[in-house]
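Those protein sequences? They're chains Z and W, same order as listed.
Taken in order, the first sequence gives residues 1167 to 1601; the numbers are from our numbering.
Taken in order, the second sequence gives residues 4 to 444; the numbers are from our numbering.
Errors might be hidden in some of the hints.
Residues on chain Z that point at chain W, a partial pick, calculated with CB under 7 Å [as the list claims (entries may be wrong)]:
1. Ala1234
2. Asp1235
3. Ile1514
4. Ser1515
5. Cys1516
6. Gly1517
7. Phe1520
8. Ala1521
9. Pro1557
These aren't lab readings, by the way, just hints derived from the structure by calculation.
We put the beta carbon where it would ideally sit given N, CA and C, even for glycine.
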Amino acid sequence: MADLTTEFVGIKSPNPFWLASAPPTDKEYNVRRAFEAGWGGVVWKTLGEAGPPIVNVNGPRYGAIWGADRRLLGLNNIELITDRPLEVNLREIKAVKRDYPDRAMVVSLMVPCEEDAWKAILPLVEETGADGVELNFGCPHGMSERGMGSAVGQVPEYIEMVTRWVKQNTRMPCIVKLTPNITDIRKPAMAAHAGGADAVSLINTINSITSVDLDLFAPEPTIDGKGAHGGYCGPAVKPIALNMVAEIARTPETRGLPISGIGGVTTWKDAAEFMALGAGNVQVCTAAMTYGFKIVQEMISGLSQYLDEKGLNSTADLVGRAVPNISDWQHLNLNYVTKARINQDLCISCGRCFAACEDTSHQAIAMSEDRVFTVKDDECVACNLCVNVCPVEDCITMEELAAGAVDERTGRPVATEHGDWTTHPNNPAVRQAAE
Amino acid sequence: MDARALKEGIVSGRLDADALDAGFADLHAPLSDHEALVAADRCYFCHDAPCITACPTEIDIPLFIRQIATGTPEAAAKTILTQNIMGGMCARVCPTETLCEEACVREAAEGEPVQIGRLQRYATDTLMAQGVHPFSRAASTGKRIAVVGAGPAGLACAHRLAMHGNDVVVFDARPKAGGLNEYGIAAYKSTEDFAAREVDWLLQIGGIEIRNNMALGRDVAMAALQDEYDAVFLGMGLGGVNALTAPGADKEGVLDAVNFIADLRQATDLSTLPVGRDVVVIGGGMTAVDAAVQSKLLGALNVTIVYRRGRDRMNASVWEQDLAAAKGVRIITNASPVAVHGNGAVREIEFEFTDDDLNPTGQTFRLAADQVFKAIGQTLNGDDLPDLDGRKIAVTGPGRTSITGVWAGGDCAAGGEDLTVTAVAEGRDAAEDIHAALMRA
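Input sequences plus hints: build the corresponding full structure.
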């Protein structure tokens, strides 16, 4: 059986599944239960500086969107960092780490953008025996209004500055947690790298309004008739998170910078995808908040089975395997031609492929009197929409045309060699060079 | 065993009140809000959906299900009722397993169709519970139409005519409107007086007058109707029942299933309704199943349906046959009654096995019977009717008969399956044709 032991920025954990800094890791009681359930590590819910504790709203903190059977698809929160006294959290962190020395214990921090504030808190964390710190530059609501969280994460110079302070004032590994509420994730990642960060973790939550109460005309969650944007997470954000992880993994300036993948990890498969795109481990929150800590058992068994099936010995063998295949559009092979193929034995004649293609795409599917649906190769551009809307798995597939075969749509034979936009005759840049 | 269950003869009170309540409870309990959302989510919103084609009233099923899924069951109800004003009853009694749900692509995919019937009921129940009638009448045309029969065909016709601004008088032989919805459907399919409530709701359109206890030929004549009204629609169903020709068929305890079913529906206290210990139902349609199952639910010890042809020829759907079996009804096929035995009252009924072409095989058997229900078909009653096609009124297109100005639909008209939903479609389509004809005149 594959070994799931993971080493991330020098921190060992029995598996790559950590609980992200969030409500599940806010106190000793929860974290002990998480470790008993099998989680490899936790990032303790963000600590702020000493002094009067944080105050939270006393109405709803979460909003959600659901599928028809109330399957939670996306969660939004307006909760702030820990609202418990600093000394209580520190005492509990120390106690838990003492009892679970084999688990990763990383402490999330958010204090004002002043070096003294960081200098003050870092020794206190170090004293607990924690394995590392995560700098919360991602929280997009509440704290950002006070110049912390994503307000820092949106300014690369601040990220670099604070990261440097941290590295100068502690021996602990430093993970910088990034906000997705920016235009180019590479810039804050580069800043963290430049500041000496040992790793980045991403994504934090996305600015969001989950829904609008159409009776109150107020955003949800609604507090006394008003709402503020929250941070969106859960399965719905995974594609956004995957892309951001991939961008950092493949960009020359940040390539090799360890990444802790966060954003909608719900199953072992999600975790494997993040890891294939370069994440050294993953952090989970919404799935645990939805189903409880026990889900980690499925994550462990699933990832282990997958690694075995692929003949991979450890998680390290999986990390980054998909990175070489992340490309720019301009390098995609325009000579790769596929056509949709409908398996008539599997087809249930719902006609969704026809409606989608006829109404919104390329009129490339024919419908007979007796509801037999067939692809018109001379119209099919292989957009894949029919595959995506078909309710039957593997009923419609994309079949590659062999080199030399004639593409009925263009009337031209499929070329053997790779040909992309950079060399395409319609590309103005290419034409200019030829002139 | 309880002595009441073993008691011979046709007696009441075989079961206590709790057992009766449980047996006659809603066959398909209504969906809760959440169940409806989950059920609606299974609909694929097919292009040119096969379920629509399979529905005799062509309800836009994917649209109404999407309207449920998006939290607007009232809009869903209007989608349904626009096509089928008795969408509420049809949701309860349609053999969906041979109509929309059989055509559902998820039936093809998984053998588990979208629960169209129950979703339809969810939508229509929601709207009716709000007391809303979503249609209004057009300006008066000054035309008056006589409708004979206040069953599904007649009421669907009357509603559509009234909506177009015509005045309608409906004549019905029974003391209550509703036709087979009121008198001819198993009680567990129309609970809480639904048929009557649906009629009241339907009449909210206005412009419809119902005259009860007025039978065609007895209390009102064809000629008078033609004379007095701008058009006539015949939707009186089949008032007579086929006779059982076997010797002894006149013995006490040999009864018409339709009357038994009607008595059941009109009973206010089922514990007072008598039923035999050994009940035999002759026939193979819905009426046979309804009579057999309800006999069992009233406490009959042995209930047997005997049908002269094979299972595949039974008009009752497989689902209905399975329902009967689940309730403990035995089904014997390929057997015809040859004699009813007994001294005054029936004690046994003798059958002969037949082959698939109804040829006798010479092999006979007897079943103990203190009550025999005949469910062997119904016949058209009436004088001065338009030309017949076989034993029913011949129609062309949307219910036009051989007499100008007279239309027909529902069970009394030839063609189509004798289903509530078919009757509604025929009544509706005839109304459109009548209205168009009157507007041309």
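Could you tell me which of the numbered hints above are not met by this structure, giving the numbers in increasing order? none
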